[in-house]
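The whole structure should be built from the sequences, with the hints applied where relevant.
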Amino acid sequence: MVNPSLYTIIPMHERPDLLKETSSLINSQWPASERRRIQTLKASCDNFPINLILLKDDRVIGHCKISKIPAMEDSCYMETFVIDREHRSQGLGSKLLQAAGDLMSKKGIKNSFLSTKGQEKFYSKNGYRVCEATEILATWRRGLPELPFIKSNSSCKFFSPPPPPMPRHRFVTPQTVVLYPGRTHMLKHL
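Each residue of the sequence shown is one higher than the last, beginning at 1 in UniProt numbering.
Simulated from the structure, these hints should not be mistaken for lab results.
Any given hint could turn out to be false.
Said to hold, decoys possible - Straight-line distance between alpha carbons at most 20 Å, and here's what the computed EDC-like set of lysine to aspartate or glutamate pairs gives: (1) Lys107 to Glu14; (2) Lys20 to Asp57; (3) Lys188 to Glu14; (4) Lys188 to Asp74; (5) Lys107 to Asp46; (6) Lys56 to Glu86; (7) Lys56 to Glu21; (8) Lys56 to Asp74; (9) Lys95 to Glu132; (10) Lys42 to Asp17; (11) Lys110 to Glu73; (12) Lys188 to Glu73; (13) Lys42 to Glu79; (14) Lys110 to Glu79; (15) Lys107 to Asp58; (16) Lys107 to Glu79; (17) Lys110 to Glu132; (18) Lys110 to Glu34; (19) Lys20 to Asp58; (20) Lys56 to Asp17; (21) Lys56 to Glu120; (22) Lys188 to Asp102; (23) Lys121 to Asp84; (24) Lys42 to Asp58; (25) Lys42 to Glu21; (26) Lys106 to Glu14; (27) Lys107 to Asp84.
Nothing here was measured: the structure is a model prediction, and the numbers come from that model.
As structure tokens, then:
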């Protein structure tokens with residue numbers, strides 16, 4: 001096991017100087033555009049989304065991204081969870097997962113969802129259980145009103161003002177998407 005005093009877990013936004021290093025760690029597991037990764041990491045804040053980083057001697061060796069599920073006020077989705085390959089099987093993943101759970105609990109979150117392929121045993125050991133695929137509202141348009149329109153050759157024509165906002169609980173909208181089909185979906189009650 002590990003000596004806990006050698007490791008620190010902090011929100012990404014407290015150490016913006018580590019954006020590139022964190023991006024590289026995530027890309028070592030799931031390759032993507034560095035620019036896109038850094039933009040996503042910059043969104044980290046005290047509310048949600050929160051990007052946690054696990055540090056050893058100021059080096060990023062773990063990352064976890066937690067996002068709120070808009071349709072479920074008391075639930076979050078763990079979008080990314082990775083430990084540097086050289087530091088796996090030392091209890092560090094469990095340490096980061098515990099810190100993420102503690103943070104969610106402090107913020108009133110009752111359910112933590114994630115999806116995985118091949119790491120079910122690890123998450124089960126840490127209190128997660130298999131569940132049905134989670135429906136999560138697409139968040140790429142967060143903050144933008146849905147406006148009914150059609151495109152013409154020259155511009156957009158609006159038919160009416162947007163409707164009033166719907167309550168934010170137990171409603172499934174046309175924007176609902178199921179993330180990561182073909183993966184095992186898991187849930188932990190915090």
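How the hints compare with the structure:
This hinted pair checks out: Lys107 and Glu14 have alpha carbons roughly 18 Å apart, not beyond 20 Å. Using a Cα cut-off of 20 Å, the hinted pair Lys20 and Asp57 holds, with the two alpha carbons roughly 17 Å apart. As the CA atoms of Lys188 and Glu14 are separated by approximately 27 Å, the hinted pair breaks the 20 Å bound. For the hint pairing Lys188 with Asp74, the CA-to-CA distance comes to about 12 Å; that is within 20 Å, so the pair holds.
A C-alpha spacing of about 10 Å is found between Lys107 and Asp46, which places the hinted pair at or below 20 Å, so the restraint holds. About 12 Å separates the Cα atoms of Lys56 and Glu86, which keeps this hinted pair within 20 Å; it holds. The hinted pair formed by Lys56 and Glu21 meets the criterion: a straight-line CA distance of about 13 Å does not exceed 20 Å. Between Lys56 and Asp74 the alpha-carbon distance is near 32 Å, which puts this suggested pair outside the 20 Å criterion.
In summary, the hint linking Lys95 to Glu132 is not supported, as the alpha carbons are separated by about 26 Å, beyond the 20 Å threshold. A distance of roughly 11 Å separates the Cα atoms of Lys42 and Asp17; the hinted pair therefore holds under the 20 Å criterion. Restraint check for Lys110 and Glu73: the C-alpha separation of about 9 Å stays at or below 20 Å, so the hint holds. Our distance criterion of 20 Å between C-alpha atoms is met by Lys188 and Glu73, whose separation comes to about 15 Å.
For the suggested pair Lys42 and Glu79, the alpha carbons sit about 15 Å apart, so the restraint of at most 20 Å is met. Of the supplied pair hints, the one linking Lys110 and Glu79 holds, its CA atoms being roughly 17 Å apart against a limit of 20 Å. Our distance criterion of 20 Å between C-alpha atoms is broken by Lys107 and Asp58, whose separation comes to about 27 Å. Between Lys107 and Glu79, the direct Cα distance comes to roughly 18 Å. Compliance with the 20 Å bound is thereby established for this hinted pair.
Between Lys110 and Glu132 the alpha-carbon distance is near 17 Å, which keeps this suggested pair within the 20 Å criterion. A hinted pair counts as satisfied when its Cα atoms are at most 20 Å apart, and Lys110 with Glu34 does not qualify at roughly 33 Å. The hinted pair formed by Lys20 and Asp58 meets the criterion: a straight-line CA distance of about 13 Å does not exceed 20 Å. A C-alpha spacing of about 15 Å is found between Lys56 and Asp17, which places the hinted pair at or below 20 Å, so the restraint holds.
For a cut-off of 20 Å, the pair hint linking Lys56 to Glu120 is broken: about 26 Å separates their Cα positions. A C-alpha spacing of about 12 Å is found between Lys188 and Asp102, which places the hinted pair at or below 20 Å, so the restraint holds. Between the alpha carbons of Lys121 and Asp84 the distance comes to roughly 18 Å, so the proposed pair stays at or under 20 Å and holds. Between Lys42 and Asp58 the CA atoms are separated by roughly 19 Å; this keeps the pair inside 20 Å, and the hint holds.
Simply put, Lys42 and Glu21 have alpha-carbon atoms about 13 Å apart, close enough for the 20 Å limit, and the pair holds. At most 20 Å may separate the alpha-carbon atoms for a hinted pair to count; Lys106 and Glu14 meet this at roughly 18 Å. For a cut-off of 20 Å, the pair hint linking Lys107 to Asp84 is broken: about 27 Å separates their Cα positions.
Hint check: violations occur at hints 3, 8, 9, 15, 18, 21, 27; the rest are consistent with the structure.
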